[in-house]
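Residue-level listing of the chains:
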Amino acid sequence: MRDGDVSLVRRAVNAGLIGGAAAIYFAVVGMIQRFDARVVIYQVVTLGPGLLFVVYFITGFLAGRPPAVRHGEEPPPPPSAASTVGRGALAGGIAGALTAALLLLGSAIDMRSVLVSMTQPLLDILSFDQGAGLGSLVEVLVGGVIGLLGAALHLLPSAIRRAVIVGLSALALVSLMEPLLGQVMRNIFASTRFLLFDPTWLYRGGGLTRVGAIIVFVLAAGISFFWATRKEVIRGRVGALPAPQRQAGKLVAFFLLAALLFILPEILGSFLSEVIGTVGLYVLLGLGLNIVVGYAGLLDLGYVAFFAVGAYATAILTSPAAFTEGPFNFWTALPLVVLITAVSGIAIGAPVLRLRGDYLAIVTLGFGEIVRIIAISNWARPWTGGAQGILRVPDPSIGVELPFIGGPELNGPESLYYLIVIACIAAAFISVRLQDSRVGRAWVAMREDEQVAEAMGISIIKTKLLAFVMGATIGSFSGMFFAVKIGSIFPHSFALLVSIAVLSIVVLGGMGSIPGVVAGAFVLIGLPELLREFAEYRLLIYGAILVGIMLFKPEGLIPSARRQLELHEEQYEEEQYEMRRGPSDEGAPVVAAGGGGDPT
Amino acid sequence: MSLLELHGLSKHFGGVKAVERVDLKVDDGEILSVIGPNGAGKTTLFNVVTGFNDPTAGRVIFDGQDITGLKPNQVTTVGIARTFQAVRLFKNMTVLENVMVGQHPRTKAGIFGAIFRPPGVKSEEERIRDHGRKMLEFFGDRFPWKMHNELAAGLSYADRRRLEIARGMASNPKLLLLDEPAAGMNPRETEGLTALIGRLRDELGLTIVVIEHDMRVVKGVSDHVVVLDHGEKIAEGSYADVAGDERVIEAYLGKKHEDTRSREEADQ
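Going down the list, the protein sequences come from chains X and H.
For the first sequence, this note's numbering assigns the number 80 to the initial residue and increments by one for each residue that follows.
For the second sequence, this note's numbering assigns the number 2 to the initial residue and increments by one for each residue that follows.
Chain X extracted, bound-state conformation (with noise of 0.2 Å):
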């Protein structure tokens, strides 16, 4: 046995090992068992062993990868493809192998009153219903088959192997979509009757059909194959379009998309109009956090404290239950709370003018506390209310007969959705406008080192300030449409997790990236609005999904143009450095014979 064998098989153990870490965790904290109820594939599997398969396939997947090739080494001779598929299934047999003692150990002593979740029905599960004896059997031979398929992935050409991953993504977001999807599907088919938006042949028993299942992962897996092959032959042809006619075609794609918006409420029906409009509330706080934190490079934990101001603002403008019997309506409030919070951002932006960094986080995180604290004490109870919050909050009416088409009804969670549609709109289209100008340089330039932009000319505090007020003025947007969507606010609405929700929104779409802020908002507030099942782990799914993309997109979902080339530096200089050296290999001697010796 070669050196580099062995250490590719203790990888693969550890891989195992921790591969079963996984699956006991998710055993013993009732994941498996609680998402048993969620089917995936119809009379196949549910989302419960669901859940173990992906682990072991991802310990085999892990466990098959060729070794690492070391800067400047001579790569290694590829392993042999038995050696690949036989360390997944050694991975995959050991990750079940540690299931399998969980199970043995369950049914052998009852442990139910440390463990809670260690319950009858989760041993059915883990044993396949064949008893613990042969179910541990089944357990290591099922762990040890997946780890191999996983394994196997590393056989198949990068474009299939690629393509059966995006598949098996595909199969699983589409039936843990059902019921957004299912809903979507029906409301279609009630109105038009047409056989393809009948979910029967799609959907059953809440996951996907076998036939649905099939026609999802081919779909899927050949869209991605074909990009992947086809991928330069489109940017070539697209990009040798004629200008006015791509410029049609962005024109064309945005009216699409801005009429996809607008009956969004009639296709998803009331329900589904409300998870969207929360969304969009995020995606607001979400923009407004990423000229903060992305442009200007101003780590704020505190965020929430704009959204607090901009609700509780609102709220006691216009509600007749405030102390101010609500003189104003929404509209008429309006600029008087993009006012106020506009001066809360130089409040809380003045103090932390010099500090940088963590301690600016840390100072911007007590603000946040603050602002809630304040709300919920007695001192400010005669004005906010105290713990019991301002109810009564009006909805956006306009109160205005408009010729033709009445007094519009601003209500109802539909016509909010519009509201906050625009709003995001409105937002985004002031993120991309502000990036590419004279302020939007200052920022990122302070991001960059606050010492030179200062000796550049550009004014820190007046700076740092506008972010600030930027920020807090978009967050306060955010913050009047969840006063009137909830019609009522409380202090623990605007409580630190917000905060770090919204952070971890810019985070996870990528900083500075706009796309990415509305991509992070349907993933990180979307999803779990859809997967009830899920709520009991939100926090603990949110962790994950950060630290996988920390480990393997730092960049984000959809970075920023700026992002991606930050975080590839490394790889973009060494391009550079080849790209230089490409023309002329004698190096100096040629430049120094004059211009021309630059490689263009």
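Simulated from the structure, these hints should not be mistaken for lab results.
All the given hints hold, so there is nothing to weed out.
Where chain X lies over chain H, by a calculated footprint (3+ residues, C-beta under 8 Å): (1) 63 to 77; (2) 83 to 89; (3) 93 to 102.
Facing chain X, according to a computed beta carbon distance under 8 Å, are these residues of chain H, among others: (4) T51; (5) H105; (6) T108; (7) G111; (8) I112; (9) A115; (10) R118; (11) R168.
Cβ coordinates follow ideal geometry from the N, Cα and C atoms, glycine included.
Let chain X serve as the given structure and place chain H on it in line with the hints.
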């Protein structure tokens, strides 16, 4: 007429007298070199002039105006730009953006301008861009157009130094302070830099103060040389005057005989 005057400028850090009662005059359109051994207070002198450190005593007069104690951004606004000893670019901005930031104190667009982009802001933005490109073109073929949108982090060391100078130039200063611009450059690049500093004065009409250790640069560019040691000005004059000055040689090489002997004794 003198553009910059320092009157009895001192900067103490606790008991350390980094700069001690320095008087200095920089004439309009001249190139002045500040030399001295390591720790002589050259960079601190720059920091005090540009507002990074407040002086312990003394005054800084620029263009007839007292700028003592102004903030760094205000100093840049009145017309003094600088580079840093350790290159400090905005690494994650592109080459062009780095230079465009230089125009910040000369332009006005604010939040509303950025969002609504009225014609005035649009043309200002274009002016900033054109000005930036012009600054880069000053370096000939060092910054071809296709490099303008690359990240500054990807530049070679000498190009980073050049870009820092370009960024300083971009703020339309009257006075440019260069802190060891030739550090880390090879002889050929140093030669190019010497020519560049001359061109900055001749073509852009800049007054330049340069801190430099490389005597070829000092000899090549200076109208006038000032020598600092332990924060104090110990000599002043043309390169030839200064190079022959006893105190200067002493500051660089140490006193002959007695000094070395006494140090050896102290070591034992």
